[in-house]
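The whole structure should be built from the sequences, with the hints applied where relevant.
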Amino acid sequence: MASSAVARALRVRRQLPTSPWLFAAPGLLITGAFILYPFVSTLANAFTDRRTLIPGRFVGLANFHELLNDDMFWIGLRNSTLYVVGVVPALVVLPLLLALLVQKNIPGITFFRSAFYTPVVASIVVVGLIWVWLLDERGLVNSLLETIGVGRVGFLSDQWLLLLSAMTVTVWKGLGYYMIIYLAALANVPRELHEAAAVDGAGAIRRFLTVTVPAVRSTMVLVGALSSVAAFKVFSEVYLMAGPSGGPAGEDTTLVMLVQRTGTGLTGRVGYASAISVVVFVVTVALMLLVLRADRRDES
Amino acid sequence: MSVLEKVRPAASRQPAVAREPRVTDEHGRRVRVGELALRYLLLLAVLALTVGPFLWQLSTSLKGPTEDIFSSPPKFLPGDPTLHNYERVADTIPVWDYALNSLKVATANVVTNCVGSALAGYALARLRYRGRRVATLAFILAMLVPVEGIIIAQFTTMRELGLNNTLIGVVLPGCIGAMNVLLMRNAFLNLPFEIEEAAYVDGANVWQRFLRIALPSVKGTIAVVAIFAFMGAWDDFLWPLIVLSDPSKFTLTIGLNYLHGTFANDERLVAAGTIIAVAPLIALFACLQRYFFRGVGEGAVKG
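Protein chains in written order, with the numbering used here: chain A, 43 to 342; chain B, 547 to 849.
A few of these clues could be false.
Using 20 Å as the maximum straight-line C-alpha spacing, the simulated SDA-like pairs for lysine to any residue come out as follows [what the hints assert, rightly or not]:
{"#": "1", "chain 1": "B", "residue 1": "795", "chain 2": "A", "residue 2": "308"}
{"#": "2", "chain 1": "B", "residue 1": "621", "chain 2": "A", "residue 2": "183"}
{"#": "3", "chain 1": "A", "residue 1": "146", "chain 2": "B", "residue 2": "650"}
{"#": "4", "chain 1": "B", "residue 1": "621", "chain 2": "A", "residue 2": "203"}
{"#": "5", "chain 1": "B", "residue 1": "621", "chain 2": "A", "residue 2": "193"}
{"#": "6", "chain 1": "A", "residue 1": "146", "chain 2": "B", "residue 2": "590"}
{"#": "7", "chain 1": "B", "residue 1": "650", "chain 2": "B", "residue 2": "636"}
{"#": "8", "chain 1": "B", "residue 1": "621", "chain 2": "A", "residue 2": "189"}
{"#": "9", "chain 1": "B", "residue 1": "795", "chain 2": "A", "residue 2": "307"}
{"#": "10", "chain 1": "A", "residue 1": "146", "chain 2": "B", "residue 2": "835"}
{"#": "11", "chain 1": "B", "residue 1": "621", "chain 2": "A", "residue 2": "194"}
{"#": "12", "chain 1": "A", "residue 1": "146", "chain 2": "B", "residue 2": "586"}
{"#": "13", "chain 1": "A", "residue 1": "146", "chain 2": "B", "residue 2": "678"}
{"#": "14", "chain 1": "B", "residue 1": "650", "chain 2": "B", "residue 2": "661"}
{"#": "15", "chain 1": "A", "residue 1": "146", "chain 2": "B", "residue 2": "621"}
{"#": "16", "chain 1": "A", "residue 1": "146", "chain 2": "B", "residue 2": "585"}
{"#": "17", "chain 1": "A", "residue 1": "146", "chain 2": "B", "residue 2": "579"}
{"#": "18", "chain 1": "A", "residue 1": "146", "chain 2": "B", "residue 2": "578"}
{"#": "19", "chain 1": "A", "residue 1": "146", "chain 2": "B", "residue 2": "582"}
{"#": "20", "chain 1": "B", "residue 1": "621", "chain 2": "A", "residue 2": "192"}
Hints are computed from structural coordinates only; laboratory data are not their basis. Given the structure is predicted, the values throughout are model-derived calculations rather than measurements.
In structure tokens, the structure reads:
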């Protein structure tokens with residue numbers, strides 16, 4: 043009796059060390075080979091002059107020195123930063139208002155919730171091209187503007203209007219996603235708080251600012267963090283709307299567009315593109331820390 | 547309660563209002579008619595803004611070559627709807643081949659993500675072994691790496707493996723997403739351990755416990771992983787754009803970008819192409835909304 047239990051324990055023990063690794067192996071292999079290794083190699087390549095077909099030599103900080111004098115890099119940094127500044131406040135506030143609008147279970151509300159989510163489901167390429175046509179010189183928006191007598195606007199030909207249009211598209215596509223996140227948070231706001239505020243004579247706007255906002259504050263921080271990181275890495279919207287070369291004189295190029303343009307193709311400057319990627323990493327991490335720190339300061 | 551009724555003119559006391567169909571909020575409270583009307587007005591306005599652009603694209607794609615698509619004021623409905631533009635897309639680019647490529651990539655992504663992340667998630671949640679914490683940490687780190695920053699290194703890795711310009715190369719980097727692994731891990735952690743313990747005492751080995759007990763209990767999370775894997779692969783743009791250079795290998799998104807780049811002035815054609823690309827996903831979403839919404843919640847908390 044006792045000996046069979048020992049034998050089983052031994053068998054179990056022999057089985058244990060191999061099977062867990064067998065279970066985790068595919069995941070670890072893929073993650074290691076295609077995420078973690080490329081990450082480390084990006085950091086390493088940033089200090090080399092590697093090209094697509096030419097193995098690089100160590101060049102120290104030369105790539106970063108070159109960045110400082112590269113106008114395109116500063117344009118990219120400016121546009122990606124502007125993107126964060128323009129997109130994040132809208133994506134923190136508008137989906138919250140939208141969530142409040144669809145929160146009440148009035149008839150047909152599930153249809154509206156789903157409908158508002160549709161842009162999230164569509165590919166960014168589809169969304170980008172839909173808006174390219176909407177904002178075209180002869181497109182729907184300009185037709186409407188002309189009908190009401192404003193006249194036509196060159197949304198896709200002016201450098202700044204282009205960037206603004208792309209931001210609008212990012213916000214438009216993100217609304218539904220963050221709305222769902224806020225809906226989950228709003229469900230946890232105690233109704234008694236609203237009632238108490240109403241008794242005290244607070245109007246809808248006061249109640250929104252004094253009850254709703256503090257109750258969903260941590261969700262707002264989460265949305266701020268998620269949307270700012272995503273906004274800084276913007277690529278597709280601007281690529282599709284301004285074109286691969288980034289609008290007039292490349293003035294609408296973003297950092298990730300610059301990475302893509304510099305690093306790919308047979309003559310791609312892998313080392314230099316990696317240096318730009320390192321800047322993207324650093325700013326991304328900094329943005330996260332900034333949002334989290336702002337959160338902690340608010341709390342105290 | 548009585549205080550509240552004094553402050554708010556209670557609608558139920560007014561007979562004229564009481565005869566209206568009773569509309570209540572999630573707490574069983576009446577919603578006032580004026581407020582309700584305002585809500586629906588706003589909802590319709592937002593509906594026009596979010597769904598309108600898709601409908602305009604659909605309308606444009608159905609307008610024939612003789613119909614003016616630039617008119618001002620705009621004409622919202624096609625006067626003589628025709629599928630002519632869809633035929634033209636197929637004549638211009640091999641759009642059905644691209645759709646098939648997208649379908650292959652998306653299907654492969656679903657299978658590998660479901661199987662791979664369920665296996666790894668189970669290992670992280672249930673199996674005791676040395677190095678488990680390191681393995682968990684590896685997935686957490688991988689989840690935090692911004693993909694846009696490593697695409698060049700991923701591309702050179704693919705070149706070294708000889709997999710650039712193949713559909714396998716498109717699938718491989720995302721085929722077992724770190725976030726999916728962690729989602730599955732959490733799903734398994736939330737299962738009561740006792741059931742598996744009982745099975746273990748009854749002599750079930752690890753595979754049996756995984757396949758017969760744990761896996762059937764996390765079907766919901768697997769559905770979420772599957773749907774987001776499908777959507778992610780079908781919609782992806784940057785990575786296929788980098789890894790695919792041969793037009794015969796294009797996926798739909800890359801094909802659309804090509805169509806737009808080459809025939810930008812043919813709005814009807816591009817519109818038809820975008821509708822072909824977006825229709826399957828909207829259909830999928832219409833059928834499986836529940837899981838789409840659930841995935842947002844789970845993904846956001848962990849992401």
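Hint check results:
1. B:795 to A:308: Roughly 18 Å separates the two Cα atoms, so the pair holds.
2. B:621 to A:183: holds, 12 Å
3. A:146 to B:650: violated, 41 Å
4. B:621 to A:203: violated, 26 Å
5. B:621 to A:193: At roughly 18 Å apart (the allowed maximum being 20 Å), residue 193 of chain A and residue 621 of chain B satisfy the hint.
6. A:146 to B:590: Within the cut-off at roughly 15 Å; holds.
7. B:650 to B:636: holds, 19 Å
8. B:621 to A:189: holds, 12 Å
9. B:795 to A:307: Roughly 17 Å separates the two Cα atoms, so the pair holds.
10. A:146 to B:835: Distance ~19 Å between residue 146 of chain A and residue 835 of chain B Cα, so the pair holds.
11. B:621 to A:194: Holds: residue 621 of chain B and residue 194 of chain A sit about 17 Å apart, inside 20 Å.
12. A:146 to B:586: holds, 11 Å
13. A:146 to B:678: Since the Cα atoms of residue 146 of chain A and residue 678 of chain B sit roughly 45 Å apart, the hinted pair is violated (cutoff 20 Å).
14. B:650 to B:661: Roughly 17 Å between the alpha carbons, so the hint for residue 650 of chain B and residue 661 of chain B holds.
15. A:146 to B:621: violated, 35 Å
16. A:146 to B:585: Satisfied, since the Cα-Cα distance of roughly 10 Å is no more than 20 Å.
17. A:146 to B:579: holds, 14 Å
18. A:146 to B:578: holds, 12 Å
19. A:146 to B:582: The hint holds at about 10 Å.
20. B:621 to A:192: holds, 19 Å
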